[in-house]
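Chains as they are written, first to last, in this note's numbering: chain A, 1 to 105; chain B, 106 to 333.
What the hints contain is simulated information worked out from the structure, not anything from laboratory work.
Everything numeric in this text was worked out from a predicted model, so none of it was measured.
Hints may be right or wrong, so weigh each one.
Claimed, not checked - Cβ-to-Cβ under 7 Å is the rule here; a few derived chain A residues that face chain B: (1) I34; (2) A47; (3) L71.
Where a beta carbon is used, it is the ideal one built from N, C-alpha and C, also for glycine.
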Amino acid sequence: MSAGPAVPILWYLALAAALFAIGTIGALTRRNGISIFLSIELMLNAANLALIAYSRQLDQRTGQILVFFVLAVAAAEAAVGLALFIAVYRQRRTIDINRINLMRH
Amino acid sequence: MEMAVFAVFALLAVGSSLVVIAHRSPIYSTLSLVVTLFSVAVLFVLLGAPFIATLQLLIYAGAILVLFLFVIMLLNVGRDEGIPGGHRLQLATAILGALVFTGMLGLLLRSALGGGPPAPLTEQAVSLSRLAQELFAEYLLPFEIVGLLLLVAVIGATVIARRATEEELAAAPSGPLADPTARGGGPEAPEPVGAGAGAPRPGYAAWSSEADRAAGGARPASVPGGRA
Numbered sequence: 001m002s003a004g005p006a007v008p009i010l011w012y013l014a015l016a017a018a019l020f021a022i023g024t025i026g027a028l029t030r031r032n033g034i035s036i037f038l039s040i041e042l043m044l045n046a047a048n049l050a051l052i053a054y055s056r057q058l059d060q061r062t063g064q065i066l067v068f069f070v071l072a073v074a075a076a077e078a079a080v081g082l083a084l085f086i087a088v089y090r091q092r093r094t095i096d097i098n099r100i101n102l103m104r105h
Numbered sequence: 106m107e108m109a110v111f112a113v114f115a116l117l118a119v120g121s122s123l124v125v126i127a128h129r130s131p132i133y134s135t136l137s138l139v140v141t142l143f144s145v146a147v148l149f150v151l152l153g154a155p156f157i158a159t160l161q162l163l164i165y166a167g168a169i170l171v172l173f174l175f176v177i178m179l180l181n182v183g184r185d186e187g188i189p190g191g192h193r194l195q196l197a198t199a200i201l202g203a204l205v206f207t208g209m210l211g212l213l214l215r216s217a218l219g220g221g222p223p224a225p226l227t228e229q230a231v232s233l234s235r236l237a238q239e240l241f242a243e244y245l246l247p248f249e250i251v252g253l254l255l256l257v258a259v260i261g262a263t264v265i266a267r268r269a270t271e272e273e274l275a276a277a278p279s280g281p282l283a284d285p286t287a288r289g290g291g292p293e294a295p296e297p298v299g300a301g302a303g304a305p306r307p308g309y310a311a312w313s314s315e316a317d318r319a320a321g322g323a324r325p326a327s328v329p330g331g332r333a
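Can you build the whole structure from these sequences, using the hints too?
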């Protein structure tokens, strides 16, 4: 596999930082609840990439195991979050986060 | 070779993640997130974690994003107009994102990964049985806790998203869940079904839209007092 110059780990980490920053921007600029959710998934994935990169650099498998747990927690989070969106939509007929402000009043 | 694969899939990941946050339609956002996840999975293989890459494809792309697509189509989510405030606010968030990126990059450069380039991958380093041994020996308790978490999440999602049964609809206006003000009174202080029909009740229970319809349809379908 390594028939060329190996990629420095720093590049993977920089890519993870870029993906995380893109996810941050998305979570702040979207108005639709599901799009915000997608941006958060993107940030989680950037963190996973950084974990795997460090795991490679340090030659340990702890990072991979942590990513395994992150995947499981992300699955649970997606299930509960989407169920919440369905419940909110059933009641308010929208998932626009600017109009779901019943906690503010 | 490795460098070329990295370059192609890193560019693909960044490009498709930009599509995720820029596209107006949530369906296209979800589909391009699949591309991002696939590219990151290829990078996982390059980093010697083929098992995690497989999991990423199976769980993330195969299950979670399909769930997203289901919900988007079920709710018929419209196009996202972006936050109000126009270009100035968007510029501000873009600057914030750039700050996040440069901050993390600066920390990375300062932290100076010790030990030079990583050791070349051996068969032992990517072996699945080593990973499994570590997972099921050292991390057995967290593994079990994650299993419990998934069980609780499944039950919670079912409870949140289901529709109420007939008995609950009949009981909802006086039940402790449907009306938080009746909490102190307990269930033995029944109210008439039409109580509180004039004032907008706090939307507390998932079934209260049906309950409202049963209570005379006092609540409009659109948002009362919602700010545009």
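Against the structure, the hints come out as follows:
no. : hint : result
1   : I34  : holds, 5 Å
2   : A47  : violated, 11 Å
3   : L71  : holds, 5 Å
Checked against the numbered hints above, the structure violates only hint 2.
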